[in-house]
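Student: Listed below are the residues making up each chain.
2 protein chains.
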Amino acid sequence: MINIAIIGYGNIGHGVAAALKRNSDMRLAAILSRRPEQVKKEVKDTPVLNSERFTLPPDISIDVAILGGGSKEDLPVQGPLFARRFCTVDSFDTHADIPAYFQRMDAATKECGNVAIISAGWDPGIFSLERVLGDAFLPGSQRFTFWGPGVSQGHSDAARKVSGVLDARQYTIPIESAIQQVRSGQTPSLSKREMHKRVVYVVAQAGADREKIRQEISRMPNYYDEYDTEVIFISAEQMAREHATYPHGGFVLTSGTTGTGNKQLTEYRCQLASNPEFTASVLVTCARAAFRLKAEGRRGAFTMLDIPPALLSPQSNDVLRRNFM
Amino acid sequence: MINIAIIGYGNIGHGVAAALKRNSDMRLAAILSRRPEQVKKEVKDTPVLNSERFTLPPDISIDVAILGGGSKEDLPVQGPLFARRFCTVDSFDTHADIPAYFQRMDAATKECGNVAIISAGWDPGIFSLERVLGDAFLPGSQRFTFWGPGVSQGHSDAARKVSGVLDARQYTIPIESAIQQVRSGQTPSLSKREMHKRVVYVVAQAGADREKIRQEISRMPNYYDEYDTEVIFISAEQMAREHATYPHGGFVLTSGTTGTGNKQLTEYRCQLASNPEFTASVLVTCARAAFRLKAEGRRGAFTMLDIPPALLSPQSNDVLRRNFM
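As they're listed, the protein sequences go chains A and B.
Everything in the first sequence is counted per the working numbering, starting at 1459 for the first residue and increasing by one.
Everything in the second sequence is counted per the working numbering, starting at 1459 for the first residue and increasing by one.
You may find that some hints are simply not true.
Copies of the same chain look alike in the list, so a pair counts if it fits in one copy or across any two.
Restricting the straight-line Cα-Cα distance to at most 30 angstroms, the calculated cross-link-like pairs of lysine-lysine (DSS-like) are [stated by the list, open to error]: (1) Lys-1568 <-> Lys-1655; (2) Lys-1721 <-> Lys-1650; (3) Lys-1752 <-> Lys-1568; (4) Lys-1499 <-> Lys-1479; (5) Lys-1721 <-> Lys-1568; (6) Lys-1530 <-> Lys-1752; (7) Lys-1498 <-> Lys-1721; (8) Lys-1670 <-> Lys-1752; (9) Lys-1655 <-> Lys-1721; (10) Lys-1502 <-> Lys-1721; (11) Lys-1619 <-> Lys-1530; (12) Lys-1670 <-> Lys-1721; (13) Lys-1498 <-> Lys-1479; (14) Lys-1752 <-> Lys-1655; (15) Lys-1502 <-> Lys-1670; (16) Lys-1479 <-> Lys-1721.
In short, the hints are calculated from the structure, not lab data.
Pulled out of the complex, with its shape left as it was, chain A reads as follows:
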């Protein structure tokens, strides 16, 4: 039995708790939170500790800590801190900062004899894996990653900061005709605008200037200005009723040739009713791999690119070779 701690009990943390119930070789040993009193109201059958100052009681043993925090403020601090005490798994997803974060986690874990699997989930994570496989199997190929249809937390937050906006939810929508172009074997040069559009549902303050909100959102640099953006005003009730879930998904397409020009195309796609639950489910498989890697005597930071896929699986090697090959 692998003992798991959840550190940070937000959307991902809740997803991890749910996923652990479906993996009989693992159990939830503790939840560590900055707001332990609040979590205790919700969670009755699991020890809840204060993540900022805790002494592990002698009856709690933790093999792997799954870090549910965000990449902007939580993980850069919590990652190296907890990786000195436990094996860790996280979903650090600021793509540009992954190499630096890897170095810091590698140093922390090697210092203390632990294993840290960073940037796990579906992107980064599974999609990274599929991009690497596509590039390896088809040298010189072109790769295309499309996201959505799904909710982007970052873009929702950005829209929510516009003056006059009470609440906002942003959906990233892949442009179907662009996907079809790639699927047909073409390798077009696509601008950001040609690959995705954005739809933002906004609850505005009473009396707010809606046209001004619309323009301020759609012209926002980095987030919206390079895309076609549709802003749709709805009521708070409609927001609560129709936009309370976190669907997402995406596509990794690799288009290349072999031999004297034979067209070869691979595609990975996921279609998720709950983005945080699926991400959490992937993190849980990585916790299994971290536990096994440490048991093999390995140390340091890993990404999903560095892990033999069999280590993620609850099945034995014999069963994998007999039933899954």
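Let chain A serve as the given structure and place chain B on it in line with the hints.
Tutor: Positioned in the frame of chain A, the structure of chain B alone reads:
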């Protein structure tokens, strides 16, 4: 530079030679064939040796041998034989016999300090990987593998043995409505007939009883009787003109839930203008991994489930973390 030998110069062997030209860290060091004189007529710039009795000249060094032979007669003999001399990669694809073949290759390589990667390609191979990932990420999920549209060599050969048939080419066609059912989040129980149909193009002898051929093919046990089969008679010229290539492809779909029933779906798909060239391209990446595993001091048999994906890639770990995550 990794020195590669091709053993068996058929469709796969030709594909390997083509793939090596696109991988600058590898070179073709030698071709070993049972018909060396015939291969020499075609290949001018590479040493060609008799695979059944050869002494490696001192100027030829081989790091990894890629075995291009078939699973029925060639690999059960050649695999353990060559794995005692070289690191090997093969595409052994008799699914039911993979566990036993693995054991034999594991014993042969451990005896001699080599690495053998067995059953590589797209199925078994990439599809195996996707089935394992789907099962790990979504415990309790259902997995569906569809093949085609594409040419099945085994079914073509079987049809060719029917009396009155001069030539035959069988296409496996996945049933689109079944794929759509799974994609929509359903987990139907599908019979073989409900997942695939078969279309056979036949060149018949002059005066042969076409209705008898049609019935004999479509009622053939194991190969055809469990499917809806269409038999289409064409001329030898048409066969040569329209059915000379080996397209193939397929789908691995995993349909499951997380949490309190949120539907999650993943799909891997490939669409191949040349099945043997793509398979060969995957084998070449496994040759790179075999070389690296041996350099790390590893010994024994591996499948693609046992290999960290980064080892397949020509890119450095730094580049992978910077550009592919």
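Student: For the identical chains here, do Lys-1530 and Lys-1752 meet the 30 angstroms Cα criterion within one copy, between copies, both, or neither?
Tutor: within (28 angstroms within a copy, 40 angstroms between copies)
Student: At 30 angstroms max between alpha carbons, let me know whether Lys-1568 reaches Lys-1655 within a copy, between copies, both or neither.
Tutor: neither (43 angstroms within a copy, 55 angstroms between copies)
Student: For Lys-1498 vs Lys-1479, is the C-alpha pair at or below 30 angstroms within one copy, between two copies, both, or neither?
Tutor: within (19 angstroms within a copy, 61 angstroms between copies)
Student: Given a CA cutoff of 30 angstroms, do Lys-1479 and Lys-1721 count as a within-copy pair, a between-copy pair, both, or neither?
Tutor: Between copies, since 17 angstroms is at most 30 angstroms while 44 angstroms is not.
Student: For the identical chains here, do Lys-1502 and Lys-1670 meet the 30 angstroms Cα criterion within one copy, between copies, both, or neither?
Tutor: neither (47 angstroms within a copy, 72 angstroms between copies)
Student: Between the shortest in-copy and the shortest cross-copy C-alpha distance, which are at most 30 angstroms for Lys-1502 and Lys-1721: within, between, both, or neither?
Tutor: Between copies, since 27 angstroms is at most 30 angstroms while 56 angstroms is not.
Student: Checking an output row: Lys-1498 and Lys-1721, CA cutoff 30 angstroms. Within, between, both or neither?
Tutor: between (57 angstroms within a copy, 29 angstroms between copies)
Student: When Cα atoms must be at most 30 angstroms apart, do Lys-1721 and Lys-1650 count as within-copy, between-copy, both, or neither?
Tutor: both (25 angstroms within a copy, 29 angstroms between copies)
Student: For Lys-1752 vs Lys-1655, is the C-alpha pair at or below 30 angstroms within one copy, between two copies, both, or neither?
Tutor: neither (43 angstroms within a copy, 48 angstroms between copies)
Student: Treating 30 angstroms as the Cα threshold, decide for Lys-1721 and Lys-1568: within, between, both or neither.
Tutor: Cα proximity of Lys-1721 and Lys-1568: none, with 44 angstroms in one copy and 39 angstroms across.
Student: What label fits Lys-1655 with Lys-1721 when the C-alpha limit is 30 angstroms: within, between, both, or neither?
Tutor: both (29 angstroms within a copy, 24 angstroms between copies)
Student: One pair to classify: Lys-1670 and Lys-1721, alpha carbons no more than 30 angstroms apart. Within, between, both, or neither?
Tutor: neither (48 angstroms within a copy, 38 angstroms between copies)
Of the hints listed earlier, those the structure fails to meet are numbers 1, 5, 8, 12, 14 and 15, in rising order.
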